[in-house]
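Need the complex rebuilt from these two chains, each delivered in its own frame; the hints are there to steer you.
Protein chains in written order, with our numbering: chain A, 27 to 330; chain B, 687 to 940.
Rather than coming from a laboratory, the hints here were simulated on the basis of the structure.
Here the structure is a predicted model, which means the values were calculated and not measured.
It is possible that some hints are incorrect.
[As the list claims (entries may be wrong)] Straight-line alpha carbon distances no greater than 30 Å define the calculated DSBU-like cross-link-like pairs of lysine-lysine that follow:
#1 B:LYS767 - B:LYS921
#2 B:LYS787 - B:LYS921
#3 A:LYS115 - A:LYS65
#4 B:LYS767 - B:LYS688
#5 B:LYS921 - A:LYS115
#6 B:LYS688 - A:LYS115
#7 B:LYS787 - B:LYS688
#8 B:LYS921 - B:LYS688
#9 A:LYS65 - B:LYS688
[To be verified] Covered, in the sense of this in silico footprint (three residues per stretch, anywhere, with C-beta under 8 Å from a C-beta of chain A), are these stretches of chain B:
#10 730–741
#11 895–902
Idealized CB from N, CA, C, for every residue including glycine.
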Amino acid sequence: MSDRLRTSLGTLTLDNPVINASGTFGYGFEYAGMVDVAKLGGVSVKGISLQPRPGNLPPRTVETPAGMLNSIGLANIGIDAFINEAMPKLRDLGVTVIVNTFASSVEDFAELAERLDPVEGLAALELNISCPNVHSGGMHFGISSSAAAEVTAAVRAVTGLPLMVKLSPEAGDICAVARGVEEAGADIITLINTLRGMVIDVDRRRPMLGEYTGGISGPAIKPLGVRMVYEVFQQVSVPVIGMGGIANLRDVLEYMMAGSAAVQVGTANYAEPGIGVRLIDELEAWCAERDIRSCELVGLAQQG
Amino acid sequence: MKYLRTRILEVLYPAPDHALLRFSAEPPIFAEPGEFVMVYGGWGAHPVLPRAFSLVESGRIGSILVKAIGPGTDWLAAMQKDHELAVFGPLGRGFDVDPEKTPVLVAGGVGVAPLLFLAERLAASGRRAIFLYGARSENDLPLAEDIAGVAELIVTTENGAVGEQGLITRPLQRVLAEHPGCQVYSCGPEGMLEAVAEVAAAAEAPCQVCLEAPMACGLGTCKGCAVMTTGGSYKYVCLDGPVFPAPEIYGTAP
Numbered sequence: 027m028s029d030r031l032r033t034s035l036g037t038l039t040l041d042n043p044v045i046n047a048s049g050t051f052g053y054g055f056e057y058a059g060m061v062d063v064a065k066l067g068g069v070s071v072k073g074i075s076l077q078p079r080p081g082n083l084p085p086r087t088v089e090t091p092a093g094m095l096n097s098i099g100l101a102n103i104g105i106d107a108f109i110n111e112a113m114p115k116l117r118d119l120g121v122t123v124i125v126n127t128f129a130s131s132v133e134d135f136a137e138l139a140e141r142l143d144p145v146e147g148l149a150a151l152e153l154n155i156s157c158p159n160v161h162s163g164g165m166h167f168g169i170s171s172s173a174a175a176e177v178t179a180a181v182r183a184v185t186g187l188p189l190m191v192k193l194s195p196e197a198g199d200i201c202a203v204a205r206g207v208e209e210a211g212a213d214i215i216t217l218i219n220t221l222r223g224m225v226i227d228v229d230r231r232r233p234m235l236g237e238y239t240g241g242i243s244g245p246a247i248k249p250l251g252v253r254m255v256y257e258v259f260q261q262v263s264v265p266v267i268g269m270g271g272i273a274n275l276r277d278v279l280e281y282m283m284a285g286s287a288a289v290q291v292g293t294a295n296y297a298e299p300g301i302g303v304r305l306i307d308e309l310e311a312w313c314a315e316r317d318i319r320s321c322e323l324v325g326l327a328q329q330g
Numbered sequence: 687m688k689y690l691r692t693r694i695l696e697v698l699y700p701a702p703d704h705a706l707l708r709f710s711a712e713p714p715i716f717a718e719p720g721e722f723v724m725v726y727g728g729w730g731a732h733p734v735l736p737r738a739f740s741l742v743e744s745g746r747i748g749s750i751l752v753k754a755i756g757p758g759t760d761w762l763a764a765m766q767k768d769h770e771l772a773v774f775g776p777l778g779r780g781f782d783v784d785p786e787k788t789p790v791l792v793a794g795g796v797g798v799a800p801l802l803f804l805a806e807r808l809a810a811s812g813r814r815a816i817f818l819y820g821a822r823s824e825n826d827l828p829l830a831e832d833i834a835g836v837a838e839l840i841v842t843t844e845n846g847a848v849g850e851q852g853l854i855t856r857p858l859q860r861v862l863a864e865h866p867g868c869q870v871y872s873c874g875p876e877g878m879l880e881a882v883a884e885v886a887a888a889a890e891a892p893c894q895v896c897l898e899a900p901m902a903c904g905l906g907t908c909k910g911c912a913v914m915t916t917g918g919s920y921k922y923v924c925l926d927g928p929v930f931p932a933p934e935i936y937g938t939a940p
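If we strip away everything but chain B, and leave its shape as in the complex, we get (with noise of 0.2 Å):
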């Protein structure tokens, strides 16, 4: 792992508020669905932290979605083509692709970034993954073309704006009916994975949770994003995950 000063390729917007930055990274960046970088945007005292972001695409070329939410989001958000970006990763353990089963992909907002990535790595292999994108209206939908390119995309959104209306644990219902043998894979929110948790493991699927902590070093040192597990003792997301079993987290059923 090395801390690159990387050069921003190119900004794009994929949706209201919401920035996918490319970067070059010499040395390449290679890393596995999941995994993640620290980014800092050279922004001095204030914020004084760099942001974790999982990777969406790696290599000679690597991505993140930024959605400005803060001091640090924003000034990521606001950075053009040429600026100078500190990435340092891969870090942490990615997705554990279980090639015997129909890979269900469920994400929420932002959680879709290493999803994405996911849904590419799996079309290479050609296998074509069911992904879910569940939102809060149509401005929270970043990357759903790029998806809908490689997998089969499900849309919900809380306003109907997009897709069915509701949330996605619905069709995720739905789809784990209809397929036996899936694994799913899921990041978004807490509230949201918990639920998708609990759905897959009612439909007795597999299901790995990739988890979001606040944290300052990334490669665990810091002790700063601990997770209490089911078994009673404390995980760090950026160095034990941030993807988990999801009984690990939540106690579900495996």
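The following block holds chain A by itself, in its conformation from the complex (with noise of 0.2 Å):
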């Protein structure tokens, strides 16, 4: 393959823009067989925390019109698993790892960047501060720059990874959580995590879901998502990565066009486990028959 892919995210290049998006993929080396992990821009790993995390009371998913609503509540093995169990996995496969992290308070999401930060073979960093699906912490960070920007310097202070920040679009104001990270110290920002729903079962007269409510993914959100990218991209300048519904191509051209730099696919892993690397083929032969470079088209809607 060329390097009309290649993608520069500021200290971060990857071979190309097309990441799965975390909590969509496990860590990644489950689908070693199946799909070809390594040449996937990167792999958002499964959230992380320091201890490992049972989950949230079933049920824990449900369909919606074109998406679907989760609480899993970020069950995960932990960071000691995580370095020691997975890790080495993904160091064989030449998988690009970027790992994906949840806290509850900024000095654990600063412990575990600390603890990250030597961990041979991470591309990346990136902040959970916006999951829907847990009592305490999450989106809590994610709505307010402030917490949003607290998290982030502490990160900062202690990992010279690069550093991403994944954004909720339950904040009020997304831009100025966008600019809260940015100044301080975050290299890339991604968006949109899912945002808030509830199915009711009408036979049993309750929430369908065990936590009630979920987060919202899936084609059903893109258009929120692809509006936050192209209004973010304006008001910061770091890279942006766009995500939320990416199914095809035109997707990750929609995304792309409205200022991502770098795209994270997520639900639609689910039906189809290979379309990562189905959309950078997808990419590659788009672009290579207009002659152009995929980072070209970063930004290319933007208006005035």
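Given below as structure tokens:
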């Protein structure tokens, strides 16, 4: 493959702009043998916390119009098992690993970053300050620009890894949060995480999910994600990674033209675990046909 | 495990609103009864998720039993010969067959799928299972004729149109009383599974249940299909199951 899709995100350079989104592709090694995981621009792994987490009360998922609702509650193996068990497999497979972290305090976010900083084979660190499915922390940090900036600064102080911060569409002013985390030292801004929704089970006369609400993802939220990328792109000078409902090449192009330097693919991985690799091939072909590099697409739709 | 773009060889309609999709698998999918596949019909933006189905047969030809109950299953039930069906698997852990005990299979509705597979596998090794098949009415008994060919079939319907009237637990009690040394394998609605587990426990027959849960990925990564076990920890239907020892799920006596 040529370097037509080479993607420069400040201090982070990827072979291509297609990343599998956290929470939708496990740690990545589970798909080896079925998917060429090393070919992906990157894999943002299932969110890691200091301690393993069992996750939320089931049912945890339900389908919604053109999307799904999930309330997993960041079930994960914890940082020790991630470093000792998952990372060796990911290094062997040659995966470009973006480690996604979650904590319920600024101190814990910093501790995670400090412990991950020396781990061999990590390409970047992504802070999840936007999970709607945990009772403490999570989205709390992502809806306030000062709290988001505080977490970002605390992590920035202890890591040399390229630092991504993943924002919530539930923020009243996502541009203000984006500016706040940029000022606090974020290298890249990722958006959007899911937004809270509910489905009622009319037969049982109660909410469908065990925790009542969950995060909406999938094609249903794509226009929201594209709009937010478009607006945030105008307000920050760091690269933006867009996501929300990407399921085909046109969606990738939309997000890039709105201002995404790279994209993340989430819910669509479930139906087709190899979709990320397929989108890379399709983007390469599309760009080759027009004799352009994919980075030239970024922000093309910005007016004025 | 591979992500296969398979072609539908034939579609059978074993009962109203039910379709049996038979597809060619290359490379073949070699599965044990109780294992499942994720199936994606290429439906696009809605619905978005693939669907989990127990295999009814495996090898160069795989098949799944679909009951049309929503947008995804409606789509699948309407598929025709030569349509493309994306399939990945086999996934999960199937039934753990005890060769010493008399196999008693208890199915409710589309829960018949993995148990027909099991009955055929047992028949191939020279063992004839006792197969209890419960349904609401005569319209919910797909594949009963296939079962009759490989196992001793007892049917119940709630409306009494076919077989004995009532729930499947009644003949189950009778069978377990008549045959010492049985092992129960069950798949069906949650309420039925729990009742079957209780009847089996009362008769001191070990029981395995094949569960269903909403799941997105099918291979342990999304953590969506959690089920609380008697031990107080979550297990995942896709990875740890879908077949579990009944005591682990319902707290019934082992």
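Structure-based check of each hint:
no., hint, in the structure
1, B:LYS767 - B:LYS921, "violated (38 Å)"
2, B:LYS787 - B:LYS921, "holds (27 Å)"
3, A:LYS115 - A:LYS65, "holds (15 Å)"
4, B:LYS767 - B:LYS688, "holds (22 Å)"
5, B:LYS921 - A:LYS115, "holds (23 Å)"
6, B:LYS688 - A:LYS115, "holds (19 Å)"
7, B:LYS787 - B:LYS688, "violated (35 Å)"
8, B:LYS921 - B:LYS688, "holds (24 Å)"
9, A:LYS65 - B:LYS688, "holds (17 Å)"
10, 730–741, "holds (count 7)"
11, 895–902, "holds (count 4)"
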